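Going down the list, the sequences are from chains A and B. Each residue of the first sequence is one higher than the one before, starting from 235 at the first, in the numbering used here. Each residue of the second sequence is one higher than the one before, starting from 235 at the first, in the numbering used here.
Treat the hints with care, since some could be wrong.
Which copy is meant is left open, so a pair is good if it fits within one copy or across any two.
Claimed, not checked - Straight line, CA to CA, 35 Å or less: simulated DSBU-like cross-link-like pairs of lysine-lysine:
#	residue 1	residue 2
1	250	317
2	298	257
3	332	250
4	332	257
5	465	317
6	250	465
7	431	298
8	257	317
9	250	265
10	332	465
11	242	431
12	465	298
13	257	465
14	251	465
15	332	431
Calculated from the structure, these hints are not laboratory results. What you are looking at is a predicted structure, and each value in this text was computed from that prediction instead of being measured.
Here is what each chain is made of, one letter per residue.
There are 2 protein chains.
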Amino acid sequence: MLTQADLKRIRALQQKKFRAETKRFLVQGRKVVEELLGSAWQTEMILASQEGAAFIQQAATTRKVPVHVLPEHELDRVGTFEKGNELVAIAVIPDQPKFRAPAGNELVLALDGIADPRNMGGLLRIADWFGVRQVICSQDCMEVYNPKCVQSTMGSLFRVQVRYARLYDELPQCVAAGASLYFADMGGAPVFDVELKRPAVLVLGSESHGLSEAVRGLAEATVVSIPRLGKAESLNVAMAAAALCTEFARQGRK
Amino acid sequence: MLTQADLKRIRALQQKKFRAETKRFLVQGRKVVEELLGSAWQTEMILASQEGAAFIQQAATTRKVPVHVLPEHELDRVGTFEKGNELVAIAVIPDQPKFRAPAGNELVLALDGIADPRNMGGLLRIADWFGVRQVICSQDCMEVYNPKCVQSTMGSLFRVQVRYARLYDELPQCVAAGASLYFADMGGAPVFDVELKRPAVLVLGSESHGLSEAVRGLAEATVVSIPRLGKAESLNVAMAAAALCTEFARQGRK
Numbered sequence: 235m236l237t238q239a240d241l242k243r244i245r246a247l248q249q250k251k252f253r254a255e256t257k258r259f260l261v262q263g264r265k266v267v268e269e270l271l272g273s274a275w276q277t278e279m280i281l282a283s284q285e286g287a288a289f290i291q292q293a294a295t296t297r298k299v300p301v302h303v304l305p306e307h308e309l310d311r312v313g314t315f316e317k318g319n320e321l322v323a324i325a326v327i328p329d330q331p332k333f334r335a336p337a338g339n340e341l342v343l344a345l346d347g348i349a350d351p352r353n354m355g356g357l358l359r360i361a362d363w364f365g366v367r368q369v370i371c372s373q374d375c376m377e378v379y380n381p382k383c384v385q386s387t388m389g390s391l392f393r394v395q396v397r398y399a400r401l402y403d404e405l406p407q408c409v410a411a412g413a414s415l416y417f418a419d420m421g422g423a424p425v426f427d428v429e430l431k432r433p434a435v436l437v438l439g440s441e442s443h444g445l446s447e448a449v450r451g452l453a454e455a456t457v458v459s460i461p462r463l464g465k466a467e468s469l470n471v472a473m474a475a476a477a478l479c480t481e482f483a484r485q486g487r488k
Numbered sequence: 235m236l237t238q239a240d241l242k243r244i245r246a247l248q249q250k251k252f253r254a255e256t257k258r259f260l261v262q263g264r265k266v267v268e269e270l271l272g273s274a275w276q277t278e279m280i281l282a283s284q285e286g287a288a289f290i291q292q293a294a295t296t297r298k299v300p301v302h303v304l305p306e307h308e309l310d311r312v313g314t315f316e317k318g319n320e321l322v323a324i325a326v327i328p329d330q331p332k333f334r335a336p337a338g339n340e341l342v343l344a345l346d347g348i349a350d351p352r353n354m355g356g357l358l359r360i361a362d363w364f365g366v367r368q369v370i371c372s373q374d375c376m377e378v379y380n381p382k383c384v385q386s387t388m389g390s391l392f393r394v395q396v397r398y399a400r401l402y403d404e405l406p407q408c409v410a411a412g413a414s415l416y417f418a419d420m421g422g423a424p425v426f427d428v429e430l431k432r433p434a435v436l437v438l439g440s441e442s443h444g445l446s447e448a449v450r451g452l453a454e455a456t457v458v459s460i461p462r463l464g465k466a467e468s469l470n471v472a473m474a475a476a477a478l479c480t481e482f483a484r485q486g487r488k
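Whenever a hint applies, use it, and build me the whole structure from the sequences.
Quick look at the structure:
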């Protein structure tokens with residue numbers, strides 16, 4: 235049985251401060267909880283409605299994760315969905331992966347100051363689609379364990395390694411190890427005209443401010459843009475990532 | 235002076251039913267209201283905080299749009315933002331554009347059952363970026379005048395023509411007029427291997443169900459996909475559109 239104190243502790247995981255303190259975060263909804271249990275990530279427990287429990291029981295039993303059935307009004311207090319909080323898992327935040335320079339044919343994404351949780355989650359989903367296994371985030375990027383971000387990854391969070399670091403320290407290390415550096419910026423050369431070499435790091439800046447001064451100051455980069463044929467002032471950063479990763483994928487085909 | 239009855243009528247525009255009845259909708263925030271006033275779309279009035287009014291006054295005066303300054307607690311009642319409802323414009327919903335088959339080098343997007351307002355708005359923004367001037371939506375697509383959708387377009391709503399119609403009626407008309415039809419579907423040929431002809435209609439399906447049966451049944455289409463190099467189960471529809479429009483843009487270059 236869960237006590238009211240337990241539920242209070244779980245509810246507190248809606249806040250970044252308590253996630254950092256307890257190294258736990260919330261994973262919600264059928265799709266993403268299923269992906270969690272299918273991954274190597276640790277799950278402490280699952281809170282579920284009767285229906286949610288019926289859906290997840292088998293996978294939870296296989297992974298030896300306890301499932302607690304709760305009435306809906308209590309699930310609504312711990313979950314963050316506007317409606318339909320039928321599955322809320324408490325998962326363990328893993329240690330940050332170590333720095334590793336991209337090698338061989340690898341494409342790495344570096345994110346600089348991404349503030350919107352849905353964009354952040356969408357970027358991990360794009361990374362996962364295009365076979366990017368490592369994402370380096372500046373320390374002012376949105377925390378990936380934010381519930382909206384977790385949800386937007388649709389499970390890609392459990393497959394892509396995310397590291398928070400000083401980009402102006404680690405990007406030069408990537409270059410020193412032989413990687414080509416590409417900055418996404420509207421002032422850059424049309425990406426179709428650029429020969430995209432591998433291994434590579436593609437750096438994307440914040441929605442409102444673009445790349446930070448410290449990153450922009452790194453001299454070794456090629457600046458690439460997505461040709462604008464219409465009149466929109468900008469693309470959002472996740473759309474820009476999808477567009478640029480598409481061209482990386484095309485040029486990277488054997 | 236606005237009466238309480240006026241404010242109630244404006245607040246009702248948060249709901250689709252009242253937007254349809256009155257042919258009015260809400261446009262909010264500096265960026266999008268500025269784009270509205272810079273467009274040919276009609277604006278009935280603007281409600282603003284002191285600061286919002288100072289920001290928009292010149293553009294509003296040029297367009298002869300009255301600006302009513304309201305206290306913040308009243309703006310919070312009419313606006314839909316969680317915070318910072320400093321500018322709320324009431325704009326006029328234009329008549330739906332007539333059917334027009336794509337011609338020459340044109341790329342048209344067709345959207346089938348898009349349910350999420352942010353995706354819908356993002357799709358219009360992508361259309362606008364890539365020079366798509368016409369978007370044909372199935373009648374069960376999210377209404378573009380939904381406040382979240384309007385916001386996600388970042389003003390592209392005022393530049394892209396949106397038409398709601400039966401896709402299974404109008405897509406064959408596009409084909410009859412000489413357009414090539416492309417369906418986005420994970421089972422399709424890698425888009426990089428397909429010669430993308432123009433004029434063209436690119437059809438994107440709903441986030442959860444893909445293309446509807448009625449559309450899928452149209453025989454004349456080439457099915458294209460974005461090669462998946464990683465393990466994400468899907469891309470969201472706006473990301474898929476960004477990826478496919480990128481390849482259309484690349485192949486369409488002179």
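Here is how each hint holds up against the structure:
For the identical chains of this complex, residue 250 and residue 317 are neighbours both inside a copy (22 Å) and across copies (20 Å), given an alpha-carbon limit of 35 Å. In the homo-oligomer, the alpha carbons of residue 298 and residue 257 lie at most 35 Å apart inside one protomer (20 Å), although the nearest pairing across protomers, at 56 Å, exceeds that limit. Taking the shortest alpha-carbon separations for residue 332 and residue 250, only the intra-copy value of 22 Å comes in at or below 35 Å, while the best inter-copy value is 50 Å. Taking the shortest Cα distances, residue 332 and residue 257 sit within 35 Å of each other inside one copy (18 Å), while across copies they are farther apart (56 Å).
In the homo-oligomer, the alpha carbons of residue 465 and residue 317 lie at most 35 Å apart only across protomers (29 Å), although the nearest pairing inside one protomer, at 37 Å, exceeds that limit. Proximity of residue 250 and residue 465 under a CA criterion of 35 Å is satisfied inter-copy only: 28 Å between copies versus 38 Å inside one chain copy. Within a single copy, residue 431 and residue 298 get their C-alpha atoms no closer than 45 Å, and across copies no closer than 54 Å, so neither meets the 35 Å cut-off. In this homomeric assembly, residue 257 and residue 317 come within 35 Å of each other (Cα to Cα) both inside a single copy, at 26 Å, and across copies, at 30 Å.
In this assembly of identical chains, the alpha carbons of residue 250 and residue 265 lie at most 35 Å apart whether taken from the same copy (23 Å) or from different copies (30 Å). When the C-alpha separation of residue 332 and residue 465 is checked against a cutoff of 35 Å, the pair qualifies only between copies, where the shortest distance is 22 Å, while the shortest distance within a copy is 42 Å. Taking the closest pair of Cα atoms, residue 242 and residue 431 never come within 35 Å of each other, the shortest separation being 51 Å inside a single copy and 58 Å across copies. In this assembly of identical chains, residue 465 and residue 298 lie within 35 Å of each other by CA distance solely across copies; the values are 25 Å between and 54 Å within a copy.
Taking CA atoms no more than 35 Å apart as the test, residue 257 paired with residue 465 passes between copies only; the shortest distance there is 26 Å, against 45 Å inside one copy. In this assembly of identical chains, the alpha carbons of residue 251 and residue 465 lie at most 35 Å apart only when taken from different copies (31 Å versus 41 Å within one copy). In this assembly of identical chains, the alpha carbons of residue 332 and residue 431 lie at most 35 Å apart only when taken from the same copy (24 Å versus 46 Å across copies).
Hints 7 and 11 from the earlier list are contradicted by this structure; the remaining hints agree with it.
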